[in-house]
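Whenever a hint applies, use it, and build me the whole structure from the sequences.
Chains as they are written, first to last, in the working numbering: chain A, 140 to 270; chain B, 3 to 143.
If you are wondering where the hints come from, they were derived from the structure by calculation, not from laboratory data. Backbone N, C-alpha and C fix where the C-beta goes; we use that ideal spot for every residue, glycine too. Some hints could be false.
With the Cβ distance kept under 8 Å, some of the chain B side facing chain A (calculated, not the full set) [what the hints assert, rightly or not]:
1. T15
2. G19
3. P20
4. R22
5. L23
6. A26
7. V27
8. I33
9. S37
10. L41
11. I43
Here are the simulated lysine to any residue pairs, SDA-like style, with alpha carbons at most 20 Å apart [as the list claims (entries may be wrong)]:
12. B:K46 - A:P214
13. B:K104 - B:S87
14. B:K46 - B:V98
15. B:K46 - A:G215
16. B:K104 - B:D48
17. B:K46 - B:P108
18. B:K46 - B:L90
19. B:K46 - A:E213
20. B:K46 - A:F218
21. B:K104 - B:N17
22. B:K46 - B:A58
23. B:K104 - B:T15
24. B:K104 - B:W136
25. B:K46 - A:V171
26. B:K104 - B:V52
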Amino acid sequence: MTGAAAAGSPVDGFLATASIVLSLVLALWSLVSAVRNRPPDRWQLVGLGVLELALLALAVVALVALAGGERPGEPGAFFGYLVTLVCLPPLAAVLARMEPTRWGSGIVCAVCLVTPVVVVRLQQTWEVLGG
Amino acid sequence: MVDTAETAAPRRTTNRGPGRLLIAVYILFAIAATSRAALQIATKFDEAPVAYSLSAVAALIYIVAAAGLARAGHAGRRLALACCSVELVGVLAVGVLSLADKALFPDETVWSQFGSGYGYVPLVLPVLGLAWLWRTRDASR
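Right, dumping it as structure tokens:
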């Protein structure tokens, strides 16, 4: 499995790491907001926007690699995770704006905890060969 | 909507506050379970028909539960109540069965091993759903 990773996965670089870190920071920030009984603030929405840009860039990198002839280990699952991934921050933003209470911050927190998991799953579906 | 009881300005509905967070988590699980089931059924249904059919059922339940909570009102609540109950029974039954008889579920489902693959959230979710319906029960009276 490490051999496959060494071949250079397009979803395993700086963008993926940055997305995971940003998402976790955002999760922590919104958790603090929720605990302090604060609705989603500007920074949460800005954070979701930046996260979405990072994920879109990640998707573009993956698509460029695909156009270049590289193939994920599990193509079906890979595309499923990729599509889901870029939909997550907008989902959080829409639901958070509908709920301008502490629970809106809770929604941002929940989605930002799920996002890193999806990024990791995305990496796994690229690397597993013949799985 | 035609329900006269609903016109009496419900104090609490299922689609506000904590309910909206619950709906968000249900949506996440609906997406996860639906895409997983669709992929499994489309690519390798013969390998584990029971497990993959169950994935599809679980996916449907998450979707309907989310819709029921979001719609609120009498019908929505009843729908959500039915879904959360089936979900709780399902996750417990499949959890026990998947441990007792591995041959029955050769591949993972959302509910295998009490949802351990999903951080046990599938086990907690129906309990939270039922608790939330109980907390907001006055709304529909």
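Hint check:
Interface restraint check: T15 of chain B against chain A, minimum CB-CB distance 13 Å, threshold 8 Å, status violated. Here the hint on G19 of chain B is kept, as its CB sits about 5 Å from the closest CB of chain A, short of 8 Å. Of the supplied interface hints, the one on P20 of chain B holds, with its beta-carbon coming within about 5 Å of a beta-carbon of chain A, less than 8 Å. Satisfaction of the interface hint for R22 of chain B is found here, the shortest Cβ-Cβ separation to chain A being roughly 4 Å, below the 8 Å cut-off.
Interface restraint check for L23 of chain B: the shortest CB-CB distance to chain A comes to about 4 Å, inside 8 Å, so the restraint holds. A least Cβ separation of about 5 Å between A26 of chain B and chain A falls short of the 8 Å threshold, and the interface hint therefore holds. Nearest Cβ of chain A to the Cβ of V27 of chain B: about 6 Å, under the 8 Å cut. The hint holds. With 8 Å as the threshold, the beta carbon of I33 of chain B comes within range of chain A, its nearest partner Cβ sitting at about 6 Å, so the hint holds.
For S37 of chain B, the suggested interface contact is upheld, since its CB lies about 4 Å from the closest CB of chain A, less than 8 Å. Interface hint status for L41 of chain B: upheld, as the beta-carbon distance to the closest one in chain A is roughly 5 Å, under 8 Å. This hint is violated: I43 of chain B has a C-beta 11 Å from the nearest C-beta of chain A, more than the 8 Å allowed. Distance hint between K46 of chain B and P214 of chain A is fulfilled; the C-alpha atoms sit about 14 Å from each other, no more than 20 Å.
Simply put, K104 of chain B and S87 of chain B have alpha-carbon atoms about 25 Å apart, too far for the 20 Å limit, and the pair is violated. With a C-alpha separation of about 24 Å, the suggested pairing of K46 of chain B with V98 of chain B is violated against the 20 Å cut-off. At most 20 Å may separate the alpha-carbon atoms for a hinted pair to count; K46 of chain B and G215 of chain A meet this at roughly 12 Å. Using a Cα cut-off of 20 Å, the hinted pair K104 of chain B and D48 of chain B holds, with the two alpha carbons roughly 17 Å apart.
At most 20 Å may separate the alpha-carbon atoms for a hinted pair to count; K46 of chain B and P108 of chain B meet this at roughly 12 Å. Note on K46 of chain B and L90 of chain B: the hinted pairing is violated, with a Cα-Cα distance of about 27 Å set against a maximum of 20 Å. Distance hint between K46 of chain B and E213 of chain A is fulfilled; the C-alpha atoms sit about 13 Å from each other, no more than 20 Å. Pair hint K46 of chain B plus F218 of chain A holds up; C-alpha atoms about 17 Å apart against a cutoff of 20 Å.
Proposed proximity of K104 of chain B and N17 of chain B is contradicted: the alpha carbons are some 39 Å apart, above 20 Å. Restraint check: the Cα-Cα separation between K46 of chain B and A58 of chain B comes to about 14 Å, which is no more than 20 Å; the hinted pair holds. Using a Cα cut-off of 20 Å, the hinted pair K104 of chain B and T15 of chain B is violated, with the two alpha carbons roughly 41 Å apart. For the suggested pair K104 of chain B and W136 of chain B, the alpha carbons sit about 35 Å apart, so the restraint of at most 20 Å is broken.
Between the alpha carbons of K46 of chain B and V171 of chain A the distance comes to roughly 43 Å, so the proposed pair goes past 20 Å and is violated. A distance of roughly 12 Å separates the Cα atoms of K104 of chain B and V52 of chain B; the hinted pair therefore holds under the 20 Å criterion.
In terms of the numbered hints stated before, the structure departs from hints 1, 11, 13, 14, 18, 21, 23, 24 and 25, listed from lowest to highest.
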